[in-house]
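Enquirer: One line per chain: the protein sequences are A and B, in this order. Its first residue numbered 1, the first sequence is counted upward by one per residue in the numbering used here. Its first residue numbered 243, the second sequence is counted upward by one per residue in the numbering used here.
Hints are supplied without guarantee of correctness; some may be wrong.
Listed next, the in silico DSS-like pairs over lysine-lysine satisfying Cα-Cα at most 25 Å (straight line) [what the hints assert, rightly or not]: (1) A:Lys68 - B:Lys401; (2) A:Lys69 - B:Lys292; (3) A:Lys154 - A:Lys74; (4) A:Lys115 - A:Lys156; (5) A:Lys69 - A:Lys104; (6) A:Lys213 - A:Lys5.
Reference listing, derived: stretches of chain A covered by chain B, where coverage requires no fewer than 3 residues with Cβ under 8 Å from a Cβ of chain B [claimed, not checked]: (7) 78-87; (8) 211-221.
Honestly, the hints are just simulated from the structure, not real lab data. Using N, Cα and C, we set each Cβ at its ideal position, and we do this for glycine too.
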Amino acid sequence: MISFKNVNKWYGDLHVLNKIDLEVAQGEVVVVCGPSGSGKSTLIRCINRLEPIQEGELIVDGMMVHDKKTNMTKVRAEIGFVFQSFNLYPHMTALENTTIAPIKVRNVSKAEAEKLGREMLTRVGLEDRIEHYPTQLSGGQQQRVAIARGLSMKPKIMLFDEPTSALDPEMIHEVLDVMRDLAKEGMTMMAVTHEMGFAREVASRVVFMDEGKIIEMAPPNDFFTNPQTDRGKYFLKSILTH
Amino acid sequence: MWSFYFHELMRSMPFFLKGVWMTIAVAGLSLVFGTIIGFIAGILRAGRNKPARFIVGAWVDLIRGTPFLVQVFIIFFILPGIGIELEAFPAAVIALTNLTASFICEIVAGGIIAVPTGQREAATSAGLSYYQQLRFIVLPQAMRTIMPPLVGQYVLLVKDSSVVSAIGVVDITRVGWLTVQRVPEGLMVFGLVGLLYFAICYPLINLSGFLERRMTVASTRL
Numbered sequence: 001m002i003s004f005k006n007v008n009k010w011y012g013d014l015h016v017l018n019k020i021d022l023e024v025a026q027g028e029v030v031v032v033c034g035p036s037g038s039g040k041s042t043l044i045r046c047i048n049r050l051e052p053i054q055e056g057e058l059i060v061d062g063m064m065v066h067d068k069k070t071n072m073t074k075v076r077a078e079i080g081f082v083f084q085s086f087n088l089y090p091h092m093t094a095l096e097n098t099t100i101a102p103i104k105v106r107n108v109s110k111a112e113a114e115k116l117g118r119e120m121l122t123r124v125g126l127e128d129r130i131e132h133y134p135t136q137l138s139g140g141q142q143q144r145v146a147i148a149r150g151l152s153m154k155p156k157i158m159l160f161d162e163p164t165s166a167l168d169p170e171m172i173h174e175v176l177d178v179m180r181d182l183a184k185e186g187m188t189m190m191a192v193t194h195e196m197g198f199a200r201e202v203a204s205r206v207v208f209m210d211e212g213k214i215i216e217m218a219p220p221n222d223f224f225t226n227p228q229t230d231r232g233k234y235f236l237k238s239i240l241t242h
Numbered sequence: 243m244w245s246f247y248f249h250e251l252m253r254s255m256p257f258f259l260k261g262v263w264m265t266i267a268v269a270g271l272s273l274v275f276g277t278i279i280g281f282i283a284g285i286l287r288a289g290r291n292k293p294a295r296f297i298v299g300a301w302v303d304l305i306r307g308t309p310f311l312v313q314v315f316i317i318f319f320i321l322p323g324i325g326i327e328l329e330a331f332p333a334a335v336i337a338l339t340n341l342t343a344s345f346i347c348e349i350v351a352g353g354i355i356a357v358p359t360g361q362r363e364a365a366t367s368a369g370l371s372y373y374q375q376l377r378f379i380v381l382p383q384a385m386r387t388i389m390p391p392l393v394g395q396y397v398l399l400v401k402d403s404s405v406v407s408a409i410g411v412v413d414i415t416r417v418g419w420l421t422v423q424r425v426p427e428g429l430m431v432f433g434l435v436g437l438l439y440f441a442i443c444y445p446l447i448n449l450s451g452f453l454e455r456r457m458t459v460a461s462t463r464l
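Same shape as in the complex, but just chain B:
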């Protein structure tokens, strides 16, 4: 029986690969948009403008304090109630981007705050403006603190993306659910699901080392 199910599972591989592609698409888009928005939010969160800091902080707390599944449902099922109809894929990307951005915001803000104040004082004394300081002095140094948790967040993003299967996005997880109805060997099917997620996450974990070497700046043996 086991070998029959295994055979059936192998026949489903094309379906699984489509799921892999869908997971990469959802996670990939959310990674790009989430990073851009997250960095902007993080800069505001660590910035001079008190109202901006407060609003961004409130948004972050809200996202981090509610279950992601609930956020996905709200965007997909509740928004149509106020006139915003979304298909599953865009809703998924929006929800995941939102989630990722809020976490990256805190990572970036933390990195910026961690740069010693003496650096800003030296830059201020030289006549550099606030944004010149941020761009040339603070952010380059902050990147060293930001990189490891940032890539860690990307790994979490890929794993969290499995939640969007709940609104019908046909990602690896949903393919797993659909397949297990024909191949009732849970361990086998979801073992494959886990393996496929691992195959995506593992290179990301290794990418962390590569990016850290390339992006962060020379010998900061502080």
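Chain A with its partners taken away, still in its complex shape:
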């Protein structure tokens, strides 16, 4: 589904992605973690070319994302992206947030798009917030609308960039519940997150990054109980003791 082959990326002199090799199969749930500045957000932002790569191959759903000639609209239609700061369209209702892309990108009729939007919003538990505007919703609700918005394009892949980092602690579980359900239903997912409970429950693999490199990659239980590298050990110590 997602394939990074010897991918390199620089911001000026900063080597932000360093010889990344990573394969994510369909139905896999991969959690990416690491210290600040490790390149983990950049990694998933490259998948739908929010950020371009300079070297290497990046193939998503059979399409060459690294190739400038690739029509990214087709690729992006198959990927739902959930941001740390939600990025809901404030001038549209929750329903309208979910319908605009299917209508404009997939050319679905308004009636059909609304039916699907309602379904998705119900699926994330917001059937009674359909006509609300983002400013009338709590953070957890906004993020769930964002997930519904991603799902309404019926994507093959869902990407999450620290989806719960900007939420109050009480709201984190409502978002993780939705993500957990998605994972159990077989959605291919990549999430940058520090929610280790979530990773343990549904992730097939944890990818630990530092300074642009993938340092360790292992099933969650293996990584959390028996990290192989010093960096990995240090990282786990610092996040598990507070």
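With the hints as your guide, set chain B onto chain A.
Expert: Then chain B, alone, in the frame of chain A:
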């Protein structure tokens, strides 16, 4: 004497009203064309095309860096030298449209740039094209930042239009000049001139509030 002049002034009212009509005509046409051109220019100015940004930016700097009176003279007196003959009214509208468009360009560009990049990222991730993003996501949000200075620009437009009296357009100001030759009470005559401009500008200032409520979109309490 004062009451005689006042009486004379009142007799000139029809003349003044013709001037009011002329000011509204010049300003009104320039408002419409200037807004359309200004929005297009603003979108280019805030857009992806570097050469376009540069050219529009240079045009804006040129207009904003020179006195409007000089621009009017160039269009009316100098252009005939290279074969473009214009009458006063069209020259006035062209000059004022040009001026208005350049200012609106900066207002619109500023509004577009002020929309958070996260909005574009979300729209890009959803597969929306650049123009779809502009039309459905960015511009609607930019309008909230654009509206107040935009209407402010309209008020300035009405006032700046008085400059075209210099090339013979018979607007409120020119009527004032012509009248003061018969009614040599400057304060009285130009007091009326000022009042007439105020009568046009004041509703525009109030229109700002109405338009802001109607055009900008629901609860953006960001």
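Enquirer: Against the structure shown, which of the earlier numbered hints fail to hold, in ascending order?
Expert: 1 and 8
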